[in-house]
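**Student:** Work out the full structure: start from the sequences and follow the hints.
Respectively, the protein sequence lines represent chains A and B. Per the numbering used here, the first sequence starts with residue 1, numbered consecutively. Per the numbering used here, the second sequence starts with residue 1, numbered consecutively.
Hints were generated in silico from the structure; no laboratory data involved. A hint or two may mislead.
One copy or two, it doesn't matter: identical chains are merged, so the pair holds either way.
Said to hold, decoys possible - Result set (DSSO-like, lysine-lysine): computed pairs, CA atoms no more than 30 Å apart in a straight line:
| hint | residue 1 | residue 2 |
| --- | --- | --- |
| 1 | Lys214 | Lys157 |
| 2 | Lys163 | Lys142 |
| 3 | Lys66 | Lys8 |
| 4 | Lys157 | Lys66 |
| 5 | Lys8 | Lys163 |
| 6 | Lys157 | Lys142 |
| 7 | Lys180 | Lys142 |
| 8 | Lys8 | Lys180 |
| 9 | Lys7 | Lys222 |
| 10 | Lys7 | Lys173 |
| 11 | Lys157 | Lys29 |
| 12 | Lys163 | Lys29 |
Treat the numbers as computed from the prediction; the structure is a model and nothing was measured.
Residues per chain are reported as follows:
Number of protein chains: 2
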Amino acid sequence: MSLLMRKKAVVLVSGGLDSAVTLFYAVDKGYDCHCLSFDYGQKHMAELDGASLIAAMAGASFRRVKLGLPWGGSALINEEMAIPVGRMPEEIKRGGIPDTYVQARNTIFLSMAASFAESIGAESIFIGAHYEDSSGYPDCRKEYLEAFDSVLKMGTKKGVEGKLHLEYPLIDKTKSEIIKLGHSLGVPFHLTRSCYSGTERPCMECDSCILRAKGFSEAGIKDPVFK
Amino acid sequence: MSLLMRKKAVVLVSGGLDSAVTLFYAVDKGYDCHCLSFDYGQKHMAELDGASLIAAMAGASFRRVKLGLPWGGSALINEEMAIPVGRMPEEIKRGGIPDTYVQARNTIFLSMAASFAESIGAESIFIGAHYEDSSGYPDCRKEYLEAFDSVLKMGTKKGVEGKLHLEYPLIDKTKSEIIKLGHSLGVPFHLTRSCYSGTERPCMECDSCILRAKGFSEAGIKDPVFK
Chain A
1 MSLLMRKKAV VLVSGGLDSA VTLFYAVDKG YDCHCLSFDY GQKHMAELDG ASLIAAMAGA
61 SFRRVKLGLP WGGSALINEE MAIPVGRMPE EIKRGGIPDT YVQARNTIFL SMAASFAESI
121 GAESIFIGAH YEDSSGYPDC RKEYLEAFDS VLKMGTKKGV EGKLHLEYPL IDKTKSEIIK
181 LGHSLGVPFH LTRSCYSGTE RPCMECDSCI LRAKGFSEAG IKDPVFK
Chain B
1 MSLLMRKKAV VLVSGGLDSA VTLFYAVDKG YDCHCLSFDY GQKHMAELDG ASLIAAMAGA
61 SFRRVKLGLP WGGSALINEE MAIPVGRMPE EIKRGGIPDT YVQARNTIFL SMAASFAESI
121 GAESIFIGAH YEDSSGYPDC RKEYLEAFDS VLKMGTKKGV EGKLHLEYPL IDKTKSEIIK
181 LGHSLGVPFH LTRSCYSGTE RPCMECDSCI LRAKGFSEAG IKDPVFK
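**Tutor:** Below, the structure is given as structure tokens:
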């Protein structure tokens, strides 16, 4: 199909595994993909370096937006707060919200994506939020994503015209299912990073590292980050 | 009431009339108000100079965030697009959206306000959107604001805890009702600006100027901008 015929999509990419799988999924569905990533002062900036390579490998355009959030307050951006070690305690998974929560992060990302989508005439916005994250982060839950989809449909010009909506294809998948899907789509897992700490090698102590290792193990696939 | 006892609110201010009335309304309701304004490349930057003065007169804190939207596409930020002259045509008011629409603007503003509110522990976010604007801008409609309130309640830590919501007290008011309310609250109208064009004197040709003049006329109040 010629590029002019393909529908456009904006895909939020972080350099992490989930957004890489989401990007390759959208490309596989035939979308002309335009990646958007944010530099918001996160500690794990190394993710972003991978994001542009991943976008290039998917044949997608890539744009990084520097986003000054003059107010800090998450372990992911605040040097004074330590990254929690280990899987999140059960009490957090039962309704609490972890220290790594960044205030209204996905809402800010999605609102910027909405603006970008309108300016380039994209009909879909893809986000890689999923079930296992949603145990801790309210802005990864399906009900939240449905509410934001309503915001798009009621509060944007393209949305009112029925030409802009939100897609979250990973929402009900486990990490191992996401890894299997990515494997079948040829996602370059060796370029993706998940560690919260931003060290050269994954720390294997933070929640994100542990979730990733568990996912690869359950999927029966070797994580190429460990060569 | 001591400052420590008062509930905090984030108020979106632009330097325009509607947000000034909203700010004085929130102060009158007893909130400790924290104003947030955005420099997003709009032509009428003169508004922002007034915003900090208006905040000071309301006894509120004031913070301006520079927001790079690398994609243009509205007559309010794009030098190549002319500001439309005159009241919006009826066909626009019946469902079309004017050229002065900035892609997903209020969604971006509100998402930044949500993040700021969480960081300072504010329980309310005030926006001065209202009925007459909503004829043209989808992100000024009540249904949109209700949808964004759902996003706050489902997608933020404070919202999930029942401690963050959106208030839009002007939504059902006409411009003249807003002006009467502001008059009773002592809003310094002489510091507010409405003109889209950014010229020193109001152009009296753009939709915003005409709406303001009509509002003052109907309210039977003299606009102090014209000394």
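**Student:** For every hint, state whether the structure bears it out.
**Tutor:** Now for the hints, and whether the structure bears them out:
For a Cα distance limit of 30 Å, the shortest separation of lysine 214 from lysine 157 across copies, 27 Å, qualifies, whereas the shortest one inside one copy, 42 Å, does not. In the homo-oligomer, the alpha carbons of lysine 163 and lysine 142 lie at most 30 Å apart both inside one protomer (21 Å) and across protomers (21 Å), since each shortest distance falls under that limit. Taking the closest pair of Cα atoms, lysine 66 and lysine 8 come within 30 Å of each other both inside a single copy (23 Å) and across two copies (28 Å). For the homomeric pair lysine 157 and lysine 66, the shortest alpha-carbon distances inside one copy (25 Å) and between copies (24 Å) are both at most 30 Å.
In the homo-oligomer, the alpha carbons of lysine 8 and lysine 163 lie at most 30 Å apart inside one protomer (11 Å), although the nearest pairing across protomers, at 38 Å, exceeds that limit. In the homo-oligomer, the alpha carbons of lysine 157 and lysine 142 lie at most 30 Å apart both inside one protomer (24 Å) and across protomers (15 Å), since each shortest distance falls under that limit. Proximity of lysine 180 and lysine 142 under a CA criterion of 30 Å is satisfied intra-copy only: 21 Å inside one chain copy versus 43 Å between copies. In the homo-oligomer, the alpha carbons of lysine 8 and lysine 180 lie at most 30 Å apart inside one protomer (26 Å), although the nearest pairing across protomers, at 47 Å, exceeds that limit.
With identical chains, the CA atoms of lysine 7 and lysine 222 are never at most 30 Å apart, being 34 Å at best within one copy and 52 Å at best between copies. For the homomeric pair lysine 7 and lysine 173, the shortest alpha-carbon distance inside one copy (25 Å) is at most 30 Å, but the shortest distance between copies (40 Å) is not. Taking identical chains as interchangeable, the C-alpha atoms of lysine 157 and lysine 29 lie at most 30 Å apart only when both belong to the same chain, with a minimum of 25 Å there against 34 Å between chains. Taking the closest pair of Cα atoms, lysine 163 and lysine 29 come within 30 Å of each other only inside a single copy of the chain (17 Å); across copies the shortest separation is 40 Å, beyond that limit.
Comparing the model with each numbered hint stated earlier shows that hint 9 is the single one that does not hold.
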